[in-house]
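2 protein chains.
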Amino acid sequence: LNTEAMQQAQVRLDILTKPLGSLGRLESIAKQLAGITGNPRPQISKKCVVVMAGDHGVASEGVSAFPSEVTYQMVANFIRGGAGINVLARHSNADVFVVDMGVAVDIDLPGVINRKIDYGTRNMVIEPAMTYEQAVKALEAGVEIAKDLIKNQGYTLLATGEMGIANTTPSSALLAVFGGLKVEDVCGRGTGIDEAGLKNKQNAIRKAIEVNQPNVNDPIDVLAKVGGYEIAGLAGLILGAAANKTPIIIDGFISSAAALIAQRIAPLSVEYMIPSHASEEPGHKMILELLGLKPMLLLNMRLGEGTGAALAMHIVEGACKIINEMATFADAGVTGP
Amino acid sequence: LNTEAMQQAQVRLDILTKPLGSLGRLESIAKQLAGITGNPRPQISKKCVVVMAGDHGVASEGVSAFPSEVTYQMVANFIRGGAGINVLARHSNADVFVVDMGVAVDIDLPGVINRKIDYGTRNMVIEPAMTYEQAVKALEAGVEIAKDLIKNQGYTLLATGEMGIANTTPSSALLAVFGGLKVEDVCGRGTGIDEAGLKNKQNAIRKAIEVNQPNVNDPIDVLAKVGGYEIAGLAGLILGAAANKTPIIIDGFISSAAALIAQRIAPLSVEYMIPSHASEEPGHKMILELLGLKPMLLLNMRLGEGTGAALAMHIVEGACKIINEMATFADAGVTGP
Numbered sequence: 027l028n029t030e031a032m033q034q035a036q037v038r039l040d041i042l043t044k045p046l047g048s049l050g051r052l053e054s055i056a057k058q059l060a061g062i063t064g065n066p067r068p069q070i071s072k073k074c075v076v077v078m079a080g081d082h083g084v085a086s087e088g089v090s091a092f093p094s095e096v097t098y099q100m101v102a103n104f105i106r107g108g109a110g111i112n113v114l115a116r117h118s119n120a121d122v123f124v125v126d127m128g129v130a131v132d133i134d135l136p137g138v139i140n141r142k143i144d145y146g147t148r149n150m151v152i153e154p155a156m157t158y159e160q161a162v163k164a165l166e167a168g169v170e171i172a173k174d175l176i177k178n179q180g181y182t183l184l185a186t187g188e189m190g191i192a193n194t195t196p197s198s199a200l201l202a203v204f205g206g207l208k209v210e211d212v213c214g215r216g217t218g219i220d221e222a223g224l225k226n227k228q229n230a231i232r233k234a235i236e237v238n239q240p241n242v243n244d245p246i247d248v249l250a251k252v253g254g255y256e257i258a259g260l261a262g263l264i265l266g267a268a269a270n271k272t273p274i275i276i277d278g279f280i281s282s283a284a285a286l287i288a289q290r291i292a293p294l295s296v297e298y299m300i301p302s303h304a305s306e307e308p309g310h311k312m313i314l315e316l317l318g319l320k321p322m323l324l325l326n327m328r329l330g331e332g333t334g335a336a337l338a339m340h341i342v343e344g345a346c347k348i349i350n351e352m353a354t355f356a357d358a359g360v361t362g363p
Numbered sequence: 027l028n029t030e031a032m033q034q035a036q037v038r039l040d041i042l043t044k045p046l047g048s049l050g051r052l053e054s055i056a057k058q059l060a061g062i063t064g065n066p067r068p069q070i071s072k073k074c075v076v077v078m079a080g081d082h083g084v085a086s087e088g089v090s091a092f093p094s095e096v097t098y099q100m101v102a103n104f105i106r107g108g109a110g111i112n113v114l115a116r117h118s119n120a121d122v123f124v125v126d127m128g129v130a131v132d133i134d135l136p137g138v139i140n141r142k143i144d145y146g147t148r149n150m151v152i153e154p155a156m157t158y159e160q161a162v163k164a165l166e167a168g169v170e171i172a173k174d175l176i177k178n179q180g181y182t183l184l185a186t187g188e189m190g191i192a193n194t195t196p197s198s199a200l201l202a203v204f205g206g207l208k209v210e211d212v213c214g215r216g217t218g219i220d221e222a223g224l225k226n227k228q229n230a231i232r233k234a235i236e237v238n239q240p241n242v243n244d245p246i247d248v249l250a251k252v253g254g255y256e257i258a259g260l261a262g263l264i265l266g267a268a269a270n271k272t273p274i275i276i277d278g279f280i281s282s283a284a285a286l287i288a289q290r291i292a293p294l295s296v297e298y299m300i301p302s303h304a305s306e307e308p309g310h311k312m313i314l315e316l317l318g319l320k321p322m323l324l325l326n327m328r329l330g331e332g333t334g335a336a337l338a339m340h341i342v343e344g345a346c347k348i349i350n351e352m353a354t355f356a357d358a359g360v361t362g363p
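Residue numbers (the numbering used here), protein chains in the order written: chain A, 27 to 363; chain B, 27 to 363.
Check each hint, because a few of them may be wrong.
If several chains are the same, the list does not tell them apart, and a pair holds so long as it fits within one copy or across any two.
Unchecked claim - In silico DSS-like pairs for lysine-lysine, Cα to Cα no more than 25 Å straight-line:
1. Lys347 x Lys225
2. Lys173 x Lys225
3. Lys163 x Lys173
4. Lys320 x Lys177
5. Lys271 x Lys173
6. Lys347 x Lys73
7. Lys73 x Lys271
8. Lys347 x Lys72
9. Lys177 x Lys311
10. Lys233 x Lys72
FYI, nobody ran anything at the bench for these hints, they're computed from the structure. Since the structure is predicted, the reported quantities are computational estimates derived from the model, not experimental observations.
Start from the sequences and build out the full structure, keeping to the hints where you can.
Shown next as structure tokens:
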């Protein structure tokens, strides 16, 4: 990050008409954005949420409350504007991009960005979810999409979102492997499975790790063996945002699993990440801790799609407005402390 | 609350294209708004933050990092639009109303609503902050302002804000009395006093409670003896919002102290309150617990003015848009769980 811009931002924050540091996270976000962009008075103009979709072979183990075809159906819902992310992105004045990273069926809906690597992952309980080459290809797709959005389309704030029936299962597996944690501690109920379903999901994750023996020192190996295409794409998107000096808001559990991969590939990428909410999914807090990020929104949400990130955009923009629009003690004729 | 409208809202929430309950607080807020307004598809149109200002005799005990004249100076800053609350209210498309409830000097700035009860409170370390009659008058002023904003000006969402140098001191006193808590547990550093300043502030609060012996069973007696005019006005505003079936967002520590008075006067008023952020001021979480409210924003803020409430407006509006704009499983052709 640009430390000179950050220092200049701090100097300004300290002369604004408020007790020192009293705007907390708004001030630290303003400073982070100064460091990311090199502009001590950072501005946000175009914003977007990138919703990546993929299917999961492990869904055949019955780990989700919903059938796999819902991934495609929800992609169609995103394109028509009727999903939760559409409503909340519109509310935050952000555009939504939908990317097919690996949905199990062909998609010919207008507006869907086709970066399909394969028709869903393989069932990781039996074999690797994807090959190493497929994982690299999916990461690269994400990097390229970020670059296009930033360099060609002028977006200055990105956010992650996803759709993929069963994708809390690979996300839990990634957390267990990278964090060296027990499966029963990292695994939650996703879209809402019962106690027996939870046990079944935990067993599937345990088996997947046992069968595939992912190498924790090679993040792409872990991603390939127990990850997913939309997760890989988002990890690439995050790396691409960082490479192009653009802040990116991380949504909930699955997006954070992607962020964890990005961090393991390029540790400095964390400096470009802005956390959003604390999901109800129990593993989410653990991933945020591994990343050293603290959630800003406590809304008991667990929908994904980028819904928490879309809401957090309002906070990030508010932080920019604070540093740009607030009066100083001198301007306002207010006695300092 | 209107339980029929709430039930209808719940029915709709459950058929929207998302796992049951997965939008957490957004869903419960939508349901609460349905109950408050009687409309199962609640809408928010005009929004405002009411910033009430008052001075405090106890400031002469040196309990704040800022001198009392800053109250007036900040009122002038509010009117010019340069304060934190102006920036964040604009960002949430909300109007700001500034009310002089008891600033120590005359104010002749255009746009300030004059409901001055007195030129600051008395020093509560020596005598009651105000008389019982003054406390009632201040409460009534708040009730009347709420009624005017809702009935005559058409606001459908209110938020509380305040300015008053030294006002974390009476707020801490109110919390200690109503909660039966130790002063050292409820008292924080406000705008940023040092360790010696904190001890001095705690002693002032202890003395104020000892000298005045507030009667915890008579909330107006407690308010009169160890409260403040802007706090009383806000308590009235909250009661007025509830009486006129309008939701009101509660800002930080001082606003929550006002909410606690409102609750002690009329327990059902809590159903009309929507919490916003968790302030850095340690007593804030305790008040929210007494009220049974949970914060939605974790931003380490401690500015007051209504800044946390202004940010939370975006979440509340988002909740309304979710229930009104999201597609149902049937409409979207998505398979349910």
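Is it within, between, both or neither when you check Lys347 against Lys72 at 25 Å Cα-Cα?
For Lys347 and Lys72, the Cα distance is within 25 Å both inside one copy (15 Å) and across copies (22 Å).
Can you tell me if Lys320 and Lys177 fall within 25 Å by alpha carbon in one copy, between copies, both or neither?
Classified as neither; 29 Å inside a copy, 41 Å across copies.
Up to 25 Å CA-CA - Lys72 versus Lys233, copy category:
neither (44 Å within a copy, 55 Å between copies)
Intra- versus inter-copy proximity for Lys173 and Lys271 (alpha-carbon distance at most 25 Å):
within (10 Å within a copy, 49 Å between copies)
At most 25 Å between CA atoms: does that hold for Lys347 and Lys73 within a copy, between copies, both, or neither?
Both ways: Lys347 and Lys73 sit 15 Å apart in one copy and 19 Å across, limit 25 Å.
Between Lys163 and Lys173, at a C-alpha cutoff of 25 Å, which is it: within one copy, between copies, both, or neither?
within (15 Å within a copy, 61 Å between copies)
My question is about Lys73 and Lys271: at a cut-off of 25 Å on alpha-carbon distance, are they close within one copy, between copies, both, or neither?
within (14 Å within a copy, 36 Å between copies)
Give the relationship of Lys347 and Lys225 under a CA distance limit of 25 Å: within one copy only, between copies only, both, or neither.
Neither, since 47 Å and 36 Å both go past 25 Å.
Can you give me the call for Lys177 and Lys311, within, between, both or neither, at a CA distance of at most 25 Å?
neither (33 Å within a copy, 44 Å between copies)
Given a CA cutoff of 25 Å, do Lys173 and Lys225 count as a within-copy pair, a between-copy pair, both, or neither?
Neither way: Lys173 and Lys225 sit 41 Å apart in one copy and 55 Å across, limit 25 Å.
Against the hints set out earlier in the document, violations occur for numbers 1, 2, 4, 9, 10.
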